[in-house]
Amino acid sequence: MTTMTLTFTGTPGQARKALVELLQRYRSAYFVERSSQEYLVTADERTAHELAAQAQWSVRPAPEPVR
Numbered sequence: 001m002t003t004m005t006l007t008f009t010g011t012p013g014q015a016r017k018a019l020v021e022l023l024q025r026y027r028s029a030y031f032v033e034r035s036s037q038e039y040l041v042t043a044d045e046r047t048a049h050e051l052a053a054q055a056q057w058s059v060r061p062a063p064e065p066v067r
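Numbering (our numbering), first residue to last: 1 to 67.
No wet-lab data here; the hints were simulated from the structure. Heads up, some of the hints might be wrong.
Under the rule of at most 25 Å between Cα atoms (straight-line distance), these lysine to any residue pairs were calculated in the SDA-like manner [said to hold, decoys possible]:
hint	residue 1	residue 2
1	Lys17	Gln37
2	Lys17	Glu64
3	Lys17	Glu33
4	Lys17	Thr47
5	Lys17	Phe31
6	Lys17	Ala48
7	Lys17	Ala43
8	Lys17	Glu38
9	Lys17	Ser35
Whole structure, please, built from the sequences with the hints as guidance.
Here's what the structure looks like:
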């Protein structure tokens, strides 16, 4: 499993619609909303690779957990 941060790069008004499209298409991925345009996502390697290639989304590694 891979955890990453997805940030929507379009307008705030489009963010929710874009998220719904991802939720419908990638049902096996687990999304946690961090802000209205940023989501922490955990998914298998293949799904993570596909999510990273989505238009209007930027990807960066998830922050390290605090111990």
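Here is what the structure says about each hint:
1. Lys17 / Gln37: Within the cut-off at roughly 11 Å; holds.
2. Lys17 / Glu64: 29 Å, violated
3. Lys17 / Glu33: 14 Å, holds
4. Lys17 / Thr47: Holds: lysine 17 and threonine 47 sit about 19 Å apart, inside 25 Å.
5. Lys17 / Phe31: 14 Å, holds
6. Lys17 / Ala48: 20 Å, holds
7. Lys17 / Ala43: 20 Å, holds
8. Lys17 / Glu38: 13 Å, holds
9. Lys17 / Ser35: OK: lysine 17 and serine 35 at ~15 Å, within 25 Å.
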